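In order, the protein sequence lines correspond to chains A and B. Just so we're aligned: the first sequence equals residues 1 to 411 in our numbering. Just so we're aligned: the second sequence equals residues 1 to 411 in our numbering.
Calculated directly from the structure, the hints in this document are not laboratory data. Every value quoted in this text rests on a predicted model; they were computed, and no experiment measured them. Note that the Cβ used here is the ideal one computed from N, Cα and C, for glycine as well. Mixed in with the good hints, there may be bad ones.
Stated by the list, open to error - If you want the footprint, here are the derived chain B segments under chain A, 3+ residues with CB under 8 Å:
(1) 125–136
(2) 217–230
(3) 283–297
2 protein chains.
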Amino acid sequence: MKTSTDITRRRMLITASGAVAWAGLGGGLALADSTEPAAKSAPGPVSSAKPLPPYAKWKDADSMIVHSANTIETRRNAFGSSGITPLDRLYIRNNIAPPSEDIMKDPDAWKLEVSGVKSPRSFTVAELKSLGLASVTIVLQCSGNGRGFSEHKPSGTQWTVGAAGCVIFTGVPVKAVLEATGGMADGMVYMTSTGGEEIPPGLDPKSIMVERSVPVSGIEDAILAWEANGEPLPLAHGGPLRVIVPGYAGVNNVKYVKHVAFTKEQSPANIQQSSYRFSPIGVKGTPEFDSIWEMDPKSWVTLPSDPGVPVKAGRVQISGVAMGGMSEAKKVEVSVNGGKDWQEATLTGPDLGKYAWRGFVLAADLKPGKYELASRVTNADGTSQPEMRKENNRGYMNNSWRDHMVTIDVA
Amino acid sequence: MKTSTDITRRRMLITASGAVAWAGLGGGLALADSTEPAAKSAPGPVSSAKPLPPYAKWKDADSMIVHSANTIETRRNAFGSSGITPLDRLYIRNNIAPPSEDIMKDPDAWKLEVSGVKSPRSFTVAELKSLGLASVTIVLQCSGNGRGFSEHKPSGTQWTVGAAGCVIFTGVPVKAVLEATGGMADGMVYMTSTGGEEIPPGLDPKSIMVERSVPVSGIEDAILAWEANGEPLPLAHGGPLRVIVPGYAGVNNVKYVKHVAFTKEQSPANIQQSSYRFSPIGVKGTPEFDSIWEMDPKSWVTLPSDPGVPVKAGRVQISGVAMGGMSEAKKVEVSVNGGKDWQEATLTGPDLGKYAWRGFVLAADLKPGKYELASRVTNADGTSQPEMRKENNRGYMNNSWRDHMVTIDVA
């Protein structure tokens, strides 16, 4: 992976019509895609390819589907079979445009404020590095991954399978930071993290700021990360510093984090109060509905899935990825006939811990014909991936095995 | 990581004087570094940086020390702390120049011949992909890693710590290939793999060909790999297809493998018969000396180690990497006073299996002064990294903890 030190400070704009435009306009125009405009196209590979935005131009273009400057997914056939997702193939989803690349010039100087603790203070990344070192491998997955399969066409990016990846993050345990600040102040029940995006002047910060709260029960294995897959964490993935809350949906892993507060209440930001809520179809999100926090078991077949390429008849290795959510992926079954019959697959790849995904493979002898390949994971808690999605207004957390099937032609 | 499809077919030449030169000379001039000229410089960062050769130009230049076009190591401070080594920071050591980048145009079409089995045949990579799928994470380490610390100045590249990395390889188990070919022919005791390098006309192939034999006891977890860390295996690391023999030194993991033979005898190639042998200082290698096969336990501190950058007094996280050789790294101790006193470190990072390395970290409170940081690993078999190197003519397999110490200034 090339770091992007040569990236200009131009920002990306998504116009109201969804067209991509570049603007050399300095710091003011950070707003992009935060309102998630309604679906404009069917799910699947985008035929008229959009270019990678400058901050992500080091991505492997052939492996990515660019929905917009802030929404880029991995193609189904590009995940590889090694357990981890290479950074140059990892999806991107920003709620608003990332900060200037300037913040990566001296990542160790980036400052984090810590409050809601006995001894509030700020730390540079260099100071955080002196507090501890830990790695955790997680599935990073956008809450809207799989939205493109919903029949009611929820507004937002029409992700198929690729707004997810499995990444080894390295940094300091949140617990070590708590220890260095005297522990949580009394009565705090959430960890609230604030992103370092610039808020365009004239806007109510609450309407746009990326600030997310998670219950403190979720921070047992949380870290503040400066490294991913052995590389310094790039801006596109939240560098210089990102909160990693293992098992929690992508939005909770706040990028360019500038403030971690332990709080009694959830953040007042729209992204916490009304967005990322499990509300029924047609009902706007409010705090009475569950927040998008813990992820569910989910799997999908990744190969064979080359669009338009027939598979050679005979022995075929059907492979994919399977996550357990809050406990490890324990068993994966594969069907070649759309879920009528199932066979247990073999887990492959390294076991990277309970928050990671595992590869799986099933050898099948396939005669010429059409096959609907499906997979279904069961986690260590005994929870299985369901056949049907849990319907909700914004199409969050779709883990239906039926929705995630892929059809292949064997010749 | 960018794949190098735009790389020209120019080859790199190392002239007799050690200078780097480029030549647009087609296929003939593959010879480079096979004779490992005597040391020309002291170990440590090379002050006059050489450029990355075209086939490896996608490497992160700041993380690498370029000894020659075929010998490129990772800087001590560039390994990261995530367990795996990113491909763009992984060392390169070729015995002779790699084949043309053309062989990567259609990697699935690359052909492997399999012999010494009941039903000899050849397979394309596409056919191998139908036979099975497995991942194995290994420390890939050049036999000469650490040679630069030897006092007798053995001939060959003066590697310090960086001719090693930890990589997730994915491919087909050798056992699945054996199954598809009726099993080993009777009486075979070695797996002999031949690289796809071009042999310059006029040379005795035996004098230069990369062909290595390993005992069949070593192939239990061996694979034929087409993927590394989730990316298609690049030419620089042996793509389209590489033999991976977990636990065995780098040279046994033959790149661009074109032939795997099960044999009664070891390869007649010089690289098997006389090179890579544990002969005493001053004695040329011959088959009577042990071949360089299984690796030993080894560790080294990676951070802090920024050259010329003083470390801030106070709490310092001392971290590094530790491999167990043929069994997992079980315990790591760290010394800040050159091995007088030791403290047990904490293992970090993912546990990627017994052939991988683990990160380790020790928190130390350091006052201003000079410190000699050392680490010492003990594997699951109870074997500890020794203080002194096992002296041998070519400086192979140096795992002395004393040699691998790093001195830091705390201010």
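Checked hints:
no., hint, result
1, 125–136, "holds (count 8)"
2, 217–230, "holds (count 4)"
3, 283–297, "violated (count 0)"
Of the hints listed earlier, the one the structure fails to meet is number 3.
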